[in-house]
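Throw the hints in and build the complete structure from the sequences for me.
In order, the protein sequences belong to chains A and B. Numbering-wise, our numbering puts 85 at position 85 of the first sequence, and it's gapless, one number per residue. Numbering-wise, our numbering puts 230 at position 230 of the second sequence, and it's gapless, one number per residue.
Just so you know, the hints here were simulated from the structure itself, not pulled from any lab data. Given the structure is predicted, the values throughout are model-derived calculations rather than measurements. Positions of the beta carbon are idealized from the N, C-alpha and C atoms, including for glycine.
A few chain B residues that face chain A, going by a derived Cβ cut-off under 7 Å, partial list only:
| # | residue |
| --- | --- |
| 1 | Asn55 |
| 2 | Pro58 |
| 3 | Ile67 |
| 4 | Leu74 |
| 5 | Tyr77 |
| 6 | Pro78 |
| 7 | Asn104 |
| 8 | Gly240 |
| 9 | Gly255 |
| 10 | Leu268 |
A few chain A residues that face chain B, going by a derived Cβ cut-off under 8 Å, partial list only:
| # | residue |
| --- | --- |
| 11 | Val63 |
| 12 | Thr116 |
| 13 | Phe117 |
| 14 | Gly255 |
| 15 | Asn264 |
Per the computed footprint, the stretches of chain B lying under chain A, defined by three or more beta-carbons under 8 Å from a beta-carbon of chain A, are:
| # | segment |
| --- | --- |
| 16 | 109-121 |
| 17 | 184-198 |
| 18 | 226-239 |
There are 2 protein chains.
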Amino acid sequence: MLTDPQAYPSGLAWCCESPWKFMSLFRPNVDRIAGYVPGEQPQTGGWIKLNTNENPYPPSPRVAEAIREASQRLNVYPDPVATRLRRIAADLFGVDADWILPGNGSDEVLTILMRTFVDPRESIAFPYPSYVLYETLAALQGAISRRLPLHRDWSFDLKAAEATVAKAKIVFVPNPNSPSGNLWSSDVLKACVPPRGVLVLDGAYADFASGSTGSELLQSEIGERIVLTRTLSKSYSLAGLRFGFAVAHPDLIAGMRKVKDSYNCDSLSIAAACAALADREWLRQNTSKILATRTRLATALAGLGFEVVPSEANFVWATRRSGGHRDLYEGLKRQQILIRYMRFAGAANFSEDVYDGLRITVGTDAEIDRLLDVMKTLV
Amino acid sequence: MLTDPQAYPSGLAWCCESPWKFMSLFRPNVDRIAGYVPGEQPQTGGWIKLNTNENPYPPSPRVAEAIREASQRLNVYPDPVATRLRRIAADLFGVDADWILPGNGSDEVLTILMRTFVDPRESIAFPYPSYVLYETLAALQGAISRRLPLHRDWSFDLKAAEATVAKAKIVFVPNPNSPSGNLWSSDVLKACVPPRGVLVLDGAYADFASGSTGSELLQSEIGERIVLTRTLSKSYSLAGLRFGFAVAHPDLIAGMRKVKDSYNCDSLSIAAACAALADREWLRQNTSKILATRTRLATALAGLGFEVVPSEANFVWATRRSGGHRDLYEGLKRQQILIRYMRFAGAANFSEDVYDGLRITVGTDAEIDRLLDVMKTLV
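Have a look at this one:
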C-alpha cells in the first residue's frame, strides 16, 4: 500500500515536495519488499502442527534448570561475548572459542552475515528452491539475489552456476536443503566458494543428517572462506528460545562481531543454550526418534503415490505427478493438521513453470499416524 | 588490523587481484569502524558496579514465575508478533496494539529504525554528547552522522541545529539524555522533527523522569513523525533479558516490521516482559527507591566540590573544574568500585577541546555509601 500514493489515507507520512511528487519516509528497498506475513501459528489447541519444522519432543531437562538459575540475576547485562557458550560450541567443532559468534537465532546470524559482507548492488547467490529468507535479507540490504539452478534430482547444475558464484559476495547453501531435505557433498560445496566472498553452509538441519554436511571444510585449505551456521530451534527442541551461532575463522568472526548489537543474546538463552549443547545423549536420543519416524513417514507417503525426496532433515518433501498439492494441504487443514504447501516460481531446471509440493515436518508417531490416516482419505 | 594488508598474516581473507591491490572481504563500512569493545563486566565477585546503569534491585517476582511457565513450551516458535505483549504495552501509552513493535532490547529497535529509514549517504542527527551507539549504527549503514550542538547547560542550540535537522532522515534524542541525565521540553523536541524523516525519542531512562519525556507528542499534529523507544533494562531491572519496544503510528510500525527478523523476540523474554510491564506497583516502588538515593548521591557529590547536572535518570553526571576525572575513576576502581569515565572530543559549545566527566549509576544505599566514603579519600 505504501508504494501507491493514491491509496495512502494521510499526507503526513508522505512528504509533499510539490503537488506532483510524493516520497515515502522509508528506504526505497523497504517500500519495495512485501510486508512480513507470519507463518500459521494457531493460537487455539487441537492442532497437529507439521508446518514449521519444530521438534515435537521437549528439550533436555537441564535446560529448564539452567533457565531457572539464570532468572535469579536478570537485573545485570548478559556476558556480551557469551564466553562459556562459545567454549562449549567450539569444542563440538574442534576449534577455539574465537571461531564462534552467537546470535539471536540463526536468522540473526544470517542478517549479520549480510550486513558484514554485502554492500548495496553487490550480489549473493543460493540454490533455488531453498530457504526464502536469503532473498528477503538481500533485498533489505539493497543487494542482488541470484539463483543457482538445480537439476530435477536436486543436484547442482555446477556449469550453469559458475559465473554466478564468481560474482557473489556470499553463497548461501542450506545443507541439508529445505524444502527438499537432500544433502550435497563436500566436492559440490567446494565449487560454490566465491573467489571474492564466503560460502555460508546453513546447517539448520545438520544434526539430522547421516552424512557430512561440509563442516570439515572449515579445516581445509579453503577454511578461511567458510562460515557454518547452526540453530538450536530444530534438533535441540528450542525454537522458542531463539539461539543460533556461526562457526568461522576468527578473522571473519571479528568483522561479524562489529556488526552485531553489543548484547544480542540474553542471559536466559545463553544459559539454556549451554545446557542444551552439553547434553549430547539427549540430542542423540531425540534425533534417533525423529529419524525412525521419518523413515516410516517417507515409506507410507511413497505407498500413497507420492515421490518423496530421500530426506536428511526433520521433514520430507513430497510431490505427486498428478499435482493437486494445494488441495491436499487444504484438506488436511480442515482436519486441524497443518503442513506446508510451497510454491516456487521460475525454478529453472524443473519442468514446470511453477514448481510446488508439500513439506511435512516429522512429528511424533501419533501425529504422523493421524496425518497418514487423513491423507489416505484425500488421495 | 584488517585495514592494513601489511599486517595481515595470511593471504586467504584478502583477495589478490594483482600484487599491488588487496581487498578485504568485508564491506568498507565494516572495515572502517573500530571493533566492538565490551564494557567492563567483571566476572569475579566483590565489585560495586555503578558503570552501566543497571538497576540494583531485582525485577518483579512475577517475572521469574512467567519465565518458569514459558520454559515448559520451548520446542515451538514464539508468537512472531508478540500479540499479548503489544496489548499490554499499548495500554500504557493509550494507543492500539498496532502502534507497538517489540525488539530484542531497545538497541535492536534502534538498529531496525536505521535500516528502515536511512539509506547510505543519507544523514542522521543527535545531540552531542549523548548515546554513542547512534554514530556506530549510522557508520554500519553507510550513513552520515551529524551532531546537534548543545550549550554548556545542556540546552539545545536550536539555531545552530536547524539546517542539520532539515537534512536528517532520523533525529535521535535520548530524553532524559545520557551522560547528563537532563530532560528536554516538548517545545524543544518539536523543533527537532525533521521535515523528511522521523524524530526518535529514546526513552531508556524515561521512567525515572519527573516531567514529560515527550510521549504526548505521539497524539499531536506531528504524531506520525514521532517514534518512542523503551527498554526494560533499567527501570524494570531486566538488563539480562534484552527487551525493548517502539511506539509509533501503525504506518511507521508496518515499515519497521518488514525489517525485523521474523522471530526477533523469544518466548521467555516476551512472557517476562508481559509480567514486568503489568506490575505497575513494583515499578513505582523500585523507581521511588532509586530517586531517593539519587537525591542523596547528587547532594553528597556537590558537597565534595562536584558540579552535578540535575538528573532525571538513574545516574548522575559529575564534573570538577579542576578535572582529574580519570584519576578519580582509577582510584575508585582500585577499591573495586566501577563507575564510568567518559570523554567526548569536539563537543562544540563546551569550552574544552575534550570534555570529560564521571557518570555514576544510582546503586543501593549501601553501594552509594561505600562510593562516597572512597570518593572522600580521593578528592
